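Each protein sequence line maps, in turn, to chains A and B.
Counting from 69, one number per residue, gives the positions in the first sequence under my numbering.
Counting from 1229, one number per residue, gives the positions in the second sequence under my numbering.
Misleading hints may appear alongside valid ones.
Said to hold, decoys possible - If you only want the chain B side, here are some residues facing chain A, beta carbon under 7 Å, derived: (1) His1236; (2) Leu1237; (3) Pro1241; (4) Trp1248; (5) Leu1253; (6) Pro1254; (7) Gln1260; (8) Ala1262; (9) Thr1267.
As the list claims (entries may be wrong) - Pair by pair, the computed Cβ-Cβ distance ranges are: (10) A:Ser393 - B:Arg1276: 33 to 39 Å; (11) B:Ile1234 - A:Ala467: 24 to 30 Å; (12) A:Leu353 - B:Glu1245: 25 to 31 Å; (13) B:Arg1276 - A:Ser461: 33 to 39 Å; (14) A:Val448 - B:Glu1245: 49 to 55 Å.
To be clear, the hints were calculated from the coordinates, so they are not data collected in a lab.
Remember, it's a predicted structure, so these values are computed and weren't measured experimentally.
All residues carry an ideal CB built from backbone N, CA and C; glycine is no exception.
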Amino acid sequence: MTASTLLVAGSIVALTVIASLWYATRYRNDAARNLDEWAVGGRRFGTWIFWFVNAGEIYTTFALLGITGYAWAFGAPAYIAFTSVSLACTLGYWLMPCIWHAGRGGGLLTQADYFVHRYRARWLGALVGIAGIVALVMYVQIQLTALSLVFRLTLGSALPAAVATSLAALLMLLFVYLAGLRSAAFAAGIKDVLMLVLVVVLGSTVAAKVGADSMLDVFHRVQQWHPDIGRFPGLDPSAGLDTTWFVTAALNVALGTWIFPHMFQLCFAARAANTIRRNAIWQPLYSLSYFFIILLGFAALLAATQPEGGNLNAVLLQFVADRYSPLIVGLLAGTVCLLALVPGSLLLLTAGSIFTRNVIAPLREVGERQAVWIARMAMVVFAGCAVLLTLTSNESLVAVGLAAYGAIGMLAPGVFFGFLWARTQAMAIAAGMASGYTALWWPPARELVAATLPGWDSGLAAMLVNALVVAAITLATPRRTAS
Amino acid sequence: MLLPFIWHLALAPLVNEVRWQPWGLPFPMAWQMAGIVLTSLIIGLVYRLDREPRPNGREP
Chain A
69 MTASTLLVAG
79 SIVALTVIAS
89 LWYATRYRND
99 AARNLDEWAV
109 GGRRFGTWIF
119 WFVNAGEIYT
129 TFALLGITGY
139 AWAFGAPAYI
149 AFTSVSLACT
159 LGYWLMPCIW
169 HAGRGGGLLT
179 QADYFVHRYR
189 ARWLGALVGI
199 AGIVALVMYV
209 QIQLTALSLV
219 FRLTLGSALP
229 AAVATSLAAL
239 LMLLFVYLAG
249 LRSAAFAAGI
259 KDVLMLVLVV
269 VLGSTVAAKV
279 GADSMLDVFH
289 RVQQWHPDIG
299 RFPGLDPSAG
309 LDTTWFVTAA
319 LNVALGTWIF
329 PHMFQLCFAA
339 RAANTIRRNA
349 IWQPLYSLSY
359 FFIILLGFAA
369 LLAATQPEGG
379 NLNAVLLQFV
389 ADRYSPLIVG
399 LLAGTVCLLA
409 LVPGSLLLLT
419 AGSIFTRNVI
429 APLREVGERQ
439 AVWIARMAMV
449 VFAGCAVLLT
459 LTSNESLVAV
469 GLAAYGAIGM
479 LAPGVFFGFL
489 WARTQAMAIA
499 AGMASGYTAL
509 WWPPARELVA
519 ATLPGWDSGL
529 AAMLVNALVV
539 AAITLATPRR
549 TAS
Chain B
1229 MLLPFIWHLA
1239 LAPLVNEVRW
1249 QPWGLPFPMA
1259 WQMAGIVLTS
1269 LIIGLVYRLD
1279 REPRPNGREP
C-alpha cells in the first residue's frame, strides 16, 4: 500500500485521538478519581452527545465491513441491518427510560448493579456480570478482527495476523486508558461524521467504478446477473438464511441491543429520560445509510472483487483498494480504525467496571482509586481473551455479532421480567440463564432446540427456553406477601 | 408501537414474494427501508402524545 494511504489513515486516527483527549481534559481531574465520571460520564449526557455515543455503538465495523461482506456473499440477508436498528429503537423507546429511572433511583453504575438492586441478590449480580463480560469480549472480537484487517491492508499482508491483532488490542487499551466515556463520546462524533463522508464519497462514485449508470442501476444490474439476490434466502440457499432466520435473528438483535452491558450503562449516562426518547425517534432514520453499505456490497459483487482467502469481512477493503485512489483507501482505513477503536474501547471500559464493581467488590473491600486500577488491569486480560478468540475464528463479522447477541440475550428475560413482572425472583432468573446457556452452547441441547424450532436463530430459540423456565418457576413459587 | 414489528417482521415472508422492483430496488429491501421511516414517524407521534397534557389524568 502506498505511503499516502498510510499517511491519510494515520493522520485521521491520530488527530481524532488527540482531539478527543483534549476534549476530555476538561473533566480529567474527576475522571481520574471517580468511577461515576469515568464510566457513566457523570450522568450529564444531553441529546447530541447521547445520540453520537449511541450511534457509535450501533454503527460499528459490524455495519460497515460485516454488512458489505454479507451483501456480497448472500444478498438479501444483509437487510437485517435495517430491521434490527429500527426495532431496537421501538423497543428502546419504552425500555431505555425504564433503565434510566432504575439507574437514577438506585445510583446504579453497571447492568449487574440493576440485577443486584432489582432482585436483591449480590450473587446474581456477579453471575450476570460474568455473563455480560463474556458477551462483551465476543463483541470486542468483531472490532479486533476489523482493526487487524485494516493493519494488514495498510502495513502489508506480510504482517502476521497475530501481530496485527495484538497491535489492535494494544491501541484499543491505550485509547481507553487515557480517558473514559467522554473521550469516547467525542471520538464517536468524529467517526460518525467521517463515516457519513466516506459513505457519501463511495456511494456517489461507486456506479462509475463498476460500469453502472447510477446507484440504482447497480441494483438493477446485480439483479439481472443474480435474479434471487434481492430476496430471501439470497445467493446461497444452503446457508439457511431464509425469512424464518431473518425474522428470528432481527428480533433477537432488537431484544438484545439494550441488554448489552455497555448499552444498558449508556442509558444511565443520559441527563434525562426525554433525552433517550428523543434519540429513539431519530436513530432509526440514520440506519437508512445502510442503503449505501448494501450498495457497496452489491457493487463489489459486480466488480468481481475477490478478497484474500475469500474472507467476506475484507470485501469492502479489497474492493476500495482495487478501484479507488490511495487517498480514499486511506480515508476508509482511518475511518474503519475509528469505527473499531471507539466502540471497542467502550466495550472494554464497561467490562472493566463490571468486573470491579460486581465480581470483585462483593468479595473484598475496594477503594475508589483501587477500583479504577483493578478495572484497568481486568481490561488487559479481557483484551487478551478477545485476541485469542479473534485468532481462532474465521467467521464472518455478522455471524460473530449474532453469536454475541445470542449470548447476551440470556440476560434479557431478567431485564424484561424485572420491569414487567414484580413476582420474578433471583432463583428463577438464574435457572433461566442456566437453561438458556445450555440450549445455546451444549451441542445436544442445541440440536434438540434446532429440531423443535427449525430455521430459528439459535439465540432467540435459547432466549425462549430461558424465558419459559423463568415463567414456569415464577408461577410455581408461592406469591410473597407485600412487605 | 406494535406496527414496526408487524411491518418489518410479520409481513417479511409475504413481501419476499413480491417481484416488483420500485426504482430498480428489490422489493423486500425497499419495504424494510420504508419500515424505518414508518418507525421514526410512529415513535415521533407516540412521543408527542406522551408529552401532551392529559385532561382528567386520562391516558391519551
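Verification of the hints:
no.: 1; hint: His1236; in the structure: 5 Å, holds
no.: 2; hint: Leu1237; in the structure: 5 Å, holds
no.: 3; hint: Pro1241; in the structure: 4 Å, holds
no.: 4; hint: Trp1248; in the structure: 11 Å, violated
no.: 5; hint: Leu1253; in the structure: 5 Å, holds
no.: 6; hint: Pro1254; in the structure: 2 Å, holds
no.: 7; hint: Gln1260; in the structure: 4 Å, holds
no.: 8; hint: Ala1262; in the structure: 10 Å, violated
no.: 9; hint: Thr1267; in the structure: 4 Å, holds
no.: 10; hint: A:Ser393 - B:Arg1276: 33 to 39 Å; in the structure: 47 Å, violated
no.: 11; hint: B:Ile1234 - A:Ala467: 24 to 30 Å; in the structure: 28 Å, holds
no.: 12; hint: A:Leu353 - B:Glu1245: 25 to 31 Å; in the structure: 28 Å, holds
no.: 13; hint: B:Arg1276 - A:Ser461: 33 to 39 Å; in the structure: 46 Å, violated
no.: 14; hint: A:Val448 - B:Glu1245: 49 to 55 Å; in the structure: 52 Å, holds
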